[in-house]
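**Q** Keeping their order, the protein sequence lines are chains W and C.
The first sequence begins at 1 in full-length UniProt numbering and counts up by one.
The second sequence begins at 1 in full-length UniProt numbering and counts up by one.
By construction, these hints were calculated from the structure, which means they are not laboratory data.
Note that the structure is predicted; figures quoted are calculated from it, not measured.
A couple of the hints might just be wrong.
The list cannot tell twin chains apart, which means a pair is met if one copy fits it or any two copies do.
[Claimed, not checked] Computed list of lysine-lysine pairs in PhoX-like fashion (alpha-carbon distance at most 25 Å, straight line):
1) Lys79 with Lys391
2) Lys240 with Lys457
3) Lys51 with Lys402
4) Lys47 with Lys231
5) Lys461 with Lys262
6) Lys391 with Lys283
7) Lys402 with Lys175
8) Lys262 with Lys202
9) Lys402 with Lys47
10) Lys457 with Lys175
11) Lys86 with Lys360
12) Lys464 with Lys221
This is what each chain is made of:
There are 2 protein chains.
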Amino acid sequence: MDLKPEQIEEQRIEEQQKEQQPQEKQLIIKNPKGTRDFLPQQVLIRKQAIKIITDIFEQHGAVEIDTPVFELREILMGKYGEVGGKLIYDLQDQGGEILSLRYDLTVPFARYIATHGYKRLKRYHVGKVYRRENPSISYGRFREFFQCDFDFAGENDPMVADAELIRMVDQIFTKLDLGPFHIKVSHRKLLDAMINIAGIPKTQFKTVCSSIDKLNRQSWKEVKQELIEQKGVTEEQAEKLSQLVQLKGEPYQMIQQLKEQKLFEQQGQEALDEMELLFNLLKQMNGLKNVIFDLSLARGADYYTGLIQETELLGRQVGPISGGGRYDNLVGTFQKNSIPCVGAAIGIDRIFPIIEEKFKNSGKVFRENQSDFIVATIPSHNIDMTAEKFKIYDLLWSNGIKADVCYRLHWNLGKQLSYANEQQIPYAIIIGEDEVKQEIVQLKDLISKKEEIVNLKDLIKVIKQKVEN
Amino acid sequence: MDLKPEQIEEQRIEEQQKEQQPQEKQLIIKNPKGTRDFLPQQVLIRKQAIKIITDIFEQHGAVEIDTPVFELREILMGKYGEVGGKLIYDLQDQGGEILSLRYDLTVPFARYIATHGYKRLKRYHVGKVYRRENPSISYGRFREFFQCDFDFAGENDPMVADAELIRMVDQIFTKLDLGPFHIKVSHRKLLDAMINIAGIPKTQFKTVCSSIDKLNRQSWKEVKQELIEQKGVTEEQAEKLSQLVQLKGEPYQMIQQLKEQKLFEQQGQEALDEMELLFNLLKQMNGLKNVIFDLSLARGADYYTGLIQETELLGRQVGPISGGGRYDNLVGTFQKNSIPCVGAAIGIDRIFPIIEEKFKNSGKVFRENQSDFIVATIPSHNIDMTAEKFKIYDLLWSNGIKADVCYRLHWNLGKQLSYANEQQIPYAIIIGEDEVKQEIVQLKDLISKKEEIVNLKDLIKVIKQKVEN
Chain W
1 MDLKPEQIEE
11 QRIEEQQKEQ
21 QPQEKQLIIK
31 NPKGTRDFLP
41 QQVLIRKQAI
51 KIITDIFEQH
61 GAVEIDTPVF
71 ELREILMGKY
81 GEVGGKLIYD
91 LQDQGGEILS
101 LRYDLTVPFA
111 RYIATHGYKR
121 LKRYHVGKVY
131 RRENPSISYG
141 RFREFFQCDF
151 DFAGENDPMV
161 ADAELIRMVD
171 QIFTKLDLGP
181 FHIKVSHRKL
191 LDAMINIAGI
201 PKTQFKTVCS
211 SIDKLNRQSW
221 KEVKQELIEQ
231 KGVTEEQAEK
241 LSQLVQLKGE
251 PYQMIQQLKE
261 QKLFEQQGQE
271 ALDEMELLFN
281 LLKQMNGLKN
291 VIFDLSLARG
301 ADYYTGLIQE
311 TELLGRQVGP
321 ISGGGRYDNL
331 VGTFQKNSIP
341 CVGAAIGIDR
351 IFPIIEEKFK
361 NSGKVFRENQ
371 SDFIVATIPS
381 HNIDMTAEKF
391 KIYDLLWSNG
401 IKADVCYRLH
411 WNLGKQLSYA
421 NEQQIPYAII
431 IGEDEVKQEI
441 VQLKDLISKK
451 EEIVNLKDLI
461 KVIKQKVEN
Chain C
1 MDLKPEQIEE
11 QRIEEQQKEQ
21 QPQEKQLIIK
31 NPKGTRDFLP
41 QQVLIRKQAI
51 KIITDIFEQH
61 GAVEIDTPVF
71 ELREILMGKY
81 GEVGGKLIYD
91 LQDQGGEILS
101 LRYDLTVPFA
111 RYIATHGYKR
121 LKRYHVGKVY
131 RRENPSISYG
141 RFREFFQCDF
151 DFAGENDPMV
161 ADAELIRMVD
171 QIFTKLDLGP
181 FHIKVSHRKL
191 LDAMINIAGI
201 PKTQFKTVCS
211 SIDKLNRQSW
221 KEVKQELIEQ
231 KGVTEEQAEK
241 LSQLVQLKGE
251 PYQMIQQLKE
261 QKLFEQQGQE
271 ALDEMELLFN
281 LLKQMNGLKN
291 VIFDLSLARG
301 ADYYTGLIQE
311 TELLGRQVGP
321 ISGGGRYDNL
331 VGTFQKNSIP
341 CVGAAIGIDR
351 IFPIIEEKFK
361 NSGKVFRENQ
371 SDFIVATIPS
381 HNIDMTAEKF
391 KIYDLLWSNG
401 IKADVCYRLH
411 WNLGKQLSYA
421 NEQQIPYAII
431 IGEDEVKQEI
441 VQLKDLISKK
451 EEIVNLKDLI
461 KVIKQKVEN
């Protein structure tokens with residue numbers, strides 16, 4: 001049976017957690033549920049993926065900011081819909097301010113804009129966010145996970161910044177090369193119109209919206225059941241809604257179909273026009289090829305006001321790998337005059353197993369010890385070889401050379417070289433009495449086993465050439 | 001009156017927080033007390049400083065890891081002394097595991113070693129840690145702050161890894177070029193010996209140690225008062241302790257003095273020998289020049305077992321800018337057999353105002369918009385200039401060129417160029433009807449005001465040259 005990388009990861013973690021239960025102690029020495037330790041190779045891979053993403057953000061003129069991992073609880077209240085609101089991690093009241101861990105990087109961004117009085121900012125932010133979700137490794141749902149957010153705050157003509165955003169998302173997932181993907185787009189006001197057309201009262205909009213948002217992980221049948229049993233929606237209303245929210249397709253075909261069927265003539269027409277404008281702009285900037293117009297798209301958070309988007313990887317059972325949209329009124333909850341905003345979050349953790357699998361298949365080797373050199377000594381009765389050894393380390397380190405120390409000073413040469421081999425260190429600089437007297441070293445390539453004699457005064461020049469090759 | 005950069009920062013933040021109090025709302029839109037938002041220029045400066053530090057960690061063969069921002073509360077309990085233990089941020093019990101925010105990166109490292117079964121690891125970790133301290137901006141004391149930690153776990157000969165660590169700390173602060181500094185070193189077992197020599201009972205060691213640790217921010221008089229009034233130490237014991245803990249100086253002079261006075265002959269002799277060995281190794285690797293042997297050094301955490309170290313900047317009233325030492329038994333609190341460890345944390349936040357001041361004095365300009373190009377259009381009645389504009393953006397972005405969009409599509413050329421000037425974007429690519437027909441662009445340097453005509457097919461080549469210069 002072929003397992004998907006996320007399933008392999010799930011098995012690995014489950015097994016690891018089983019092993020972690022020592023018999024003699026009650027406390028299980030593990031990371032908290034729904035979180036992960038990142039091993040050195042994983043940190044490296046994650047950094048490379050983040051660099052691809054942030055390079056593209058910077059291409060669009062964005063600058064990086066940082067905010068605290070917790071916010072005043074009141075700042076976060078009432079922003080994330082009925083589901084999201086329950087998933088916020090609260091800090092215990094230990095006196096002083098009442099705090100919660102951030103749930104996303106969007107509300108902290110809006111708070112930041114208000115706190116510092118920005119009128120316009122194109123920023124990106126890479127950081128961990130926290131949700132008390134039921135964790136699912138295969139779905140890529142964690143309680144602590146990374147987001148890479150790009151947002152633009154400021155005045156703009158309709159759909160211009162929105163189109164740039166979608167093109168950027170397209171460029172990121174094309175560059176990350178994870179396989180085929182769809183960028184699903186819709187408009188929050190179309191959703192409102194659909195709920196209204198179905199005859200559901202306005203007071204139910206938010207709660208119905210929360211149910212529809214579950215369509216990215218549940219079937220329509222399940223969502224319909226929830227709407228009828230928990231949200232007071234009638235069978236007839238649900239049927240009407242069902243016909244609407246299940247419409248999706250190639251952007252221009254959808255526009256044509258919706259126009260022909262005159263679905264949004266009475267309401268939502270303006271939003272539909274905006275979507276058509278978006279597609280025109282995207283076509284002009286060559287960003288339309290992976291876009292799908294999907295009327296089932298809802299997004300859980302309360303703050304969206306216009307475009308909404310999510311990216312899904314085709315043929316993978318992971319959740320959305322990007323999400324976002326336009327939220328023109330959120331800054332206005334923090335200050336008198338709002339500032340329109342549009343943005344997207346890229347979910348690094350959901351794509352991480354795929355990137356990791358690609359790295360492994362690439363045949364690239366990751367060394368847990370990144371040193372290129374070790375200094376090994378031949379014991380002597382006449383000379384303090386420890387002093388001579390560290391003289392060379394000083395030379396190496398002062399010149400920025402990566403060099404690891406074998407912390408056993410009295411090991412013989414063979415043992416020192418075995419240590420270097422174990423650590424996958426490619427070169428050894430070997431010195432004994434003769435080398436010290438003649439001011440030379442033996443430079444040994446531990447893979448090819450070739451040795452050469454190098455004058456101490458040329459050492460840095462010679463090894464810098466080796467490292468560069 | 002000349003203000004120190006940290007005082008200027010304090011004033012700035014105070015004023016900012018005053019301004020942040022809107023009259024009409026009760027909720028103050030601000031970041032939590034003791035935390036900071038980092039503005040784009042600050043993130044850039046911080047990243048540069050972190051790169052200097054982590055490059056040096058990598059030079060010594062270290063690899064990066066990452067752990068969650070919270071840990072099971074039990075993992076952190078009983079590790080940080082009587083003062084530290086009270087400063088841990090607890091998460092509210094919302095069902096499930098009982099969690100706390102990490103207080104440092106050291107205990108999570110020891111937990112990581114145990115969880116993953118490492119026998120040997122040289123790792124670094126850059127992350128935020130959390131302490132419910134009374135914040136003081138001028139002292140550089142925050143509730144959320146960055147640490148850059150380097151630690152080595154594994155067997156080693158006495159003081160070899162310890163010496164490498166001190167040399168690394170020396171190299172880091174030399175490279176950061178913040179002005180003169182002292183690396184204060186001592187040995188936890190010397191502290192135990194001194195408390196014992198003063199006649200204080202063994203049961204009081206930890207609590208007396210906590211008081212002595214305050215010497216880096218309080219006078220001996222204050223600490224003595226605490227010892228007598230709160231810790232049950234007699235006047236005579238305090239007097240005896242006072243004579244010992246106030247000894248400090250150049251390493252070899254101290255060794256000589258302590259030997260002559262035979263202070264540690266009965267106990268602590270082994271620790272003193274280890275200190276002498278440390279100095280010998282450091283001398284050999286050229287890392288002794290900024291080291292001070294300081295018997296007042298205590299370190300608050302309970303887990304230290306050997307070398308302890310702190311770095312102080314001379315002439316600045318900020319707290320220690322590095323701290324750490326040897327903790328051979330900490331991993332042993334999580335598994336049957338301990339693994340000896342030694343490490344140091346570099347406190348980026350304490351040195352940040354100084355690095356920021358240096359950046360400002362360097363005359364370097366930081367642009368909040370990092371774009372190099374904007375595409376500006378001359379309006380036309382015959383051609384869809386928006387389409388032509390985004391065709392060029394597609395070309396730029398597909399080739400990794402940093403280009404910002406003016407989100408107003410109907411502004412005239414002058415307004416578009418004003419926008420570019422405001423954003424400090426150095427170049428504009430200008431197109432009108434004629435340019436589109438002839439497949440050329442005007443490339444304008446917005447600083448020198450020079451213009452040139454470039455063929456569209458040569459555009460990427462020409463502007464890549466400009467960016468590289």
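**Q** If the cut is 25 Å between Cα atoms, do Lys86 and Lys360 qualify within a copy, between copies, both or neither?
**A** neither (38 Å within a copy, 45 Å between copies)
**Q** How would you classify Lys240 and Lys457 at a CA-CA limit of 25 Å: within, between, both, or neither?
**A** Classified as neither: same-chain Cα gap 83 Å, cross-chain 53 Å, threshold 25 Å.
**Q** Can you tell me if Lys51 and Lys402 fall within 25 Å by alpha carbon in one copy, between copies, both or neither?
**A** both (23 Å within a copy, 15 Å between copies)
**Q** Is it within a copy, between copies, both, or neither that the alpha carbon of Lys402 lies no farther than 25 Å from that of Lys175?
**A** Intra 31 Å, inter 16 Å, cutoff 25 Å: inter-copy only.
**Q** At 25 Å max between alpha carbons, let me know whether Lys79 reaches Lys391 within a copy, between copies, both or neither.
**A** Close neither inside one copy (60 Å) nor across copies (38 Å); limit 25 Å.
**Q** Is it within a copy, between copies, both, or neither that the alpha carbon of Lys391 lies no farther than 25 Å from that of Lys283?
**A** For Lys391 and Lys283, the Cα distance is within 25 Å only across copies (9 Å; inside one copy 63 Å).
**Q** Checking Lys464 and Lys221: alpha-carbon separation at most 25 Å within a copy, between copies, both or neither?
**A** neither (65 Å within a copy, 54 Å between copies)
**Q** Is it within, between, both or neither when you check Lys262 against Lys202 at 25 Å Cα-Cα?
**A** within (22 Å within a copy, 86 Å between copies)
**Q** 25 Å Cα cut-off: does Lys457 pair with Lys175 within a copy, between copies, both or neither?
**A** between (45 Å within a copy, 24 Å between copies)
**Q** Using 25 Å as the alpha carbon limit, work out where Lys461 and Lys262 are close: within a copy, between copies, both or neither.
**A** So Lys461 and Lys262 fail the 25 Å test inside a copy (75 Å) and across (49 Å) alike.
**Q** Can you give me the call for Lys47 and Lys231, within, between, both or neither, at a CA distance of at most 25 Å?
**A** So Lys47 and Lys231 fail the 25 Å test inside a copy (43 Å) and across (49 Å) alike.
**Q** My question is about Lys402 and Lys47: at a cut-off of 25 Å on alpha-carbon distance, are they close within one copy, between copies, both, or neither?
**A** both (20 Å within a copy, 21 Å between copies)
Checked against the numbered hints given earlier, the structure breaks hints 1, 2, 4, 5, 11 and 12 and satisfies all the rest.
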